[in-house]
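Q: Next come the chains, spelled out residue by residue.
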Amino acid sequence: MKEREVIIIGGGAAGLAAAVACYEKGIKDILIIERESHLGGILNQCIHDGFGLEKFKRILTGPEYAQQYIDQVMEKKIPFLLNSMVINLTSQKELLVVNREGLHSFHAKVIILALGCRERTRGAISIPGARPAGIYTAGVVQNLINLKNYMIGKRIIVLGSGDIGLIMARRLTLEGAEVLMVAEKLPYSSGLPRNLNQCLYDFDIPLLLNHTVVDIRGNGCLSGVTIAQLGKRGGIVPGSKRKISCDTLLLSVGLIPENELSRQAGIILDARTGGPEVDERGQTNIPGIFTCGNSLQVHDLVDNASLEAEYIIEGVVDYLRGKLKTKEEIKVSLGEGLRYVVPQRLVNHKDTIFSFRVIQPGKNKNLVFEDDKRMIKKKFLSRVNPAEMIRIKLTSQELKSIKSIKVRLK
Amino acid sequence: MKKEFTCIVCPNSCRITVEFEGSKIKSIEGAGCPKGKEYVKNEITNPVRVFTGSVLVEKGNFSLVSVKTPSPIPKKYLKNIGEITHQIKVEAPIEIGQVVAKDLLDEDIDLVATRKVNRKNILLF
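Line by line, the protein sequences give chains W and A.
Going by the working numbering, the residue at position 377 of the first sequence is 377; the numbering climbs one at a time, nothing skipped.
Going by the working numbering, the residue at position 62 of the second sequence is 62; the numbering climbs one at a time, nothing skipped.
Check each hint, because a few of them may be wrong.
Stated by the list, open to error - Which stretches of chain W does chain A cover? Using the computed rule of at least three CB atoms under 8 Å from a CB of chain A, they are: (1) 167-181; (2) 252-259; (3) 269-281; (4) 345-356.
As the list claims (entries may be wrong) - Under the rule of at most 27 Å between Cα atoms (straight-line distance), these lysine-lysine pairs were calculated in the DSS-like manner: (5) W:Lys154 x W:Lys77; (6) W:Lys379 x A:Lys35; (7) W:Lys154 x A:Lys41; (8) W:Lys148 x A:Lys79; (9) A:Lys3 x W:Lys148; (10) A:Lys76 x W:Lys154; (11) A:Lys41 x W:Lys57; (12) W:Lys148 x A:Lys120; (13) W:Lys363 x W:Lys403; (14) A:Lys37 x W:Lys363; (15) A:Lys120 x W:Lys77; (16) A:Lys120 x W:Lys57; (17) W:Lys365 x A:Lys3; (18) W:Lys363 x W:Lys400; (19) A:Lys76 x W:Lys363; (20) W:Lys154 x A:Lys35; (21) A:Lys35 x W:Lys363; (22) A:Lys37 x W:Lys148; (23) A:Lys75 x A:Lys3; (24) A:Lys59 x A:Lys41.
Note that these hints are calculated values from the structure, not bench results.
Being a predicted model, the structure only gives us computed values, none of them experimental.
For each residue, glycine too, the CB sits at the ideal point set by N, CA and C.
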């Protein structure tokens with residue numbers, strides 16, 4: 001069994017940022033394990049621009065953003081394995097890797113899970129109807145068009161208004177396909193407002209809110225779908241069904257943090273985020289196993305995934321130096337108006353960045369942190385949107401001597 | 001005339017209200033930064049966007065290379081540039097920032113690579 005100080009599983013945005021940050025803090029015995037043939041993860045297929053404004057103060061495309069980190073990894077000679085998949089992880093921080101050379105076992109003092117996320121598929125949202133070819137998730141289409149040079153169809157309907165769906169609606173239009181509409185089940189878009197603007201409105205692609213696909217037709221290949229309007233209680237509005245012919249249905253109906261390995265190792269997951277329950281520096285319930293990026297919580301901006309990875313390294317360093325406490329924790333409880341909060345517990349009472357998503361869009365809200373009845377912090381938000389993650393920092397001073405903590409939207 | 005824009009420059013997505021007549025701007029409200037003001041000014045006079053897409057690669061370890069316009073171009077040209085990208089072929093190796101097409105549509109529009117593509121290793125035997 002080979003021994004490493006830190007092993008990072010995943011060589012995408014979070015994993016690369018974690019590796020670079022580790023190295024800069026003086027931890028140099030690192031190994032990155034990546035299952036694809038290239039570092040960079042999902043960024044490689046995100047060829048649109050809009051990345052890096054926060055991190056690099058300029059606007060980059062996905063591959064350019066990834067290259068910033070890949071260059072640093074190369075320059076620092078941080079070791080990595082490509083085409084290598086971790087197939088087993090234990091609570092003793094032992095892992096089994098498979099690649100063309102065979103099976104390899106490793107042990108590390110610290111393991112950082114930067115596993116990314118997966119797309120929800122047709123099965124997850126249970127659309128009835130035939131099972132023809134021509135139904136894809138948006139990320140798969142992004143991969144096929146941007147990396148593999150396959151065009152997937154000519155008349156396209158997008159179900160779900162997630163960001164990748166919106167971006168692919170634009171990309172498909174520019175590649176010469178006709179995007180007939182984007183249908184969204186909810187009364188509001190689940191993508192960022194700027195993507196609605198530059199991906200749909202720029203190309204006159206209609207966004208149908210409160211609409212969904214209720215039937216799929218096609219013998220062999222997709223020939224059409226039925227769209228219906230949904231009422232206030234979520235039922236189909238009578239008489240609103242419309243048959244539309246199309247050759248492709250694109251699903252952009254949400255992302256799920258990928259945590260099969262975490263489960264295997266006995267890491268406790270939060271049902272709200274789909275990622276592990278963590279303390280303020282990304283440590284899971286297993287001491288020495290940390291997590292960051294989309295496997296912790298789905299981010300809407302890559303910059304935040306990178307920043308989160310850099311931020312947890314402080315915890316990694318403290319752990320390796322034996323300075324990290326693991327007891328006397330305070331649970332962060334979730335009040336009304338919020339879908340989730342990360343971290344789920346506080347241990348060290350250091351400066352802490354809390355991440356949230358709200359349940360529904362709203363205006364002029366206050367985000368309130370309370371210790372029993374005492375107000376710890378209040379933050380006014382002129383606009384809230386489930387598509388936009390909210391990040392708020394509380395200082396160690398503000399968190400000093402608290403007995404409990406609850407956050408809610410007022 | 002009054003119109004509300006959602007700024008696309010950064011993730012803050014500022015809602016910016018502009019009062020204007022023709023191409024004359026009377027007032028701009030709600031912009032969180034100067035870039036936002038510039039964005040709405042352009043939206044009224046000449047909306048611009050960065051084009052991103054891909055072109056074919058010969059002898060590369062990828063079959064495509066992603067490209068962009070180094071600066072925003074008039075929005076009306078986006079679809080035309082999209083069509084043109086289908087006809088462009090570049091030979092590997094390609095570096096980030098390398099110009100792969102120049103002066104498209106007689107409009108001083110260039111495309112630069114946003115990915116590194118190495119030459120494919122060809123086995124000779």
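Q: Decide, hint by hint, whether the structure agrees.
A: Structure-based check of each hint:
With 5 residues bearing a CB less than 8 Å from a CB of chain A, the stretch 167-181 of chain W meets the requirement of three and the coverage assertion stands. For the stretch 252-259 of chain W, the proposed coverage by chain A is not satisfied: 0 residues have a C-beta within less than 8 Å of a C-beta in that chain, short of the threshold of three. Evaluation of the coverage hint for the stretch 269-281 of chain W: breached, as 0 residues show C-beta separations to chain A shorter than 8 Å, against a requirement of three. Coverage of a stretch by a chain is defined here by at least three residues with a beta carbon nearer than 8 Å to that chain's beta carbons; for the stretch 345-356 of chain W and chain A the count is 0, and the condition is violated.
Of the supplied pair hints, the one linking Lys154 (chain W) and Lys77 (chain W) is violated, its CA atoms being roughly 45 Å apart against a limit of 27 Å. At roughly 26 Å between alpha-carbon atoms, Lys379 (chain W) and Lys35 (chain A) fall within 27 Å of each other, so this suggested pair holds. In summary, the hint linking Lys154 (chain W) to Lys41 (chain A) is not supported, as the alpha carbons are separated by about 35 Å, beyond the 27 Å threshold. Between the alpha carbons of Lys148 (chain W) and Lys79 (chain A) the distance comes to roughly 21 Å, so the proposed pair stays at or under 27 Å and holds.
With a C-alpha separation of about 41 Å, the suggested pairing of Lys3 (chain A) with Lys148 (chain W) is violated against the 27 Å cut-off. The straight-line distance between the Cα atoms of Lys76 (chain A) and Lys154 (chain W) is roughly 22 Å, inside the 27 Å bound, and the hint therefore holds. Between Lys41 (chain A) and Lys57 (chain W), the direct Cα distance comes to roughly 22 Å. Compliance with the 27 Å bound is thereby established for this hinted pair. A threshold of 27 Å between alpha carbons decides the hint, and for Lys148 (chain W) with Lys120 (chain A) the separation of about 15 Å falls inside it, so the pair holds.
Proposed proximity of Lys363 (chain W) and Lys403 (chain W) is contradicted: the alpha carbons are some 31 Å apart, above 27 Å. Between Lys37 (chain A) and Lys363 (chain W) the CA atoms are separated by roughly 23 Å; this keeps the pair inside 27 Å, and the hint holds. With a C-alpha separation of about 24 Å, the suggested pairing of Lys120 (chain A) with Lys77 (chain W) holds against the 27 Å cut-off. The suggested pairing of Lys120 (chain A) with Lys57 (chain W) is violated, with an alpha-carbon distance near 34 Å, which exceeds 27 Å.
Among the hinted pairs, Lys365 (chain W) with Lys3 (chain A) is consistent with the structure: their alpha-carbon atoms are about 25 Å apart, no more than 27 Å. As the CA atoms of Lys363 (chain W) and Lys400 (chain W) are separated by approximately 31 Å, the hinted pair breaks the 27 Å bound. Pair hint Lys76 (chain A) plus Lys363 (chain W) does not hold up; C-alpha atoms about 34 Å apart against a cutoff of 27 Å. Taken as a hint, the Lys154 (chain W) and Lys35 (chain A) pair is broken in the structure, with Cα atoms around 37 Å apart against an allowance of 27 Å.
Restraint check: the Cα-Cα separation between Lys35 (chain A) and Lys363 (chain W) comes to about 24 Å, which is no more than 27 Å; the hinted pair holds. A threshold of 27 Å between alpha carbons decides the hint, and for Lys37 (chain A) with Lys148 (chain W) the separation of about 39 Å lies outside it, so the pair is violated. A hinted pair counts as satisfied when its Cα atoms are at most 27 Å apart, and Lys75 (chain A) with Lys3 (chain A) qualifies at roughly 19 Å. Only pairs whose Cα atoms come within 27 Å are accepted, and Lys59 (chain A) paired with Lys41 (chain A) is rejected, the gap being roughly 44 Å.
Taken one by one, the earlier hints fail for this structure at numbers 2, 3, 4, 5, 7, 9, 13, 16, 18, 19, 20, 22, 24, listed in ascending order.
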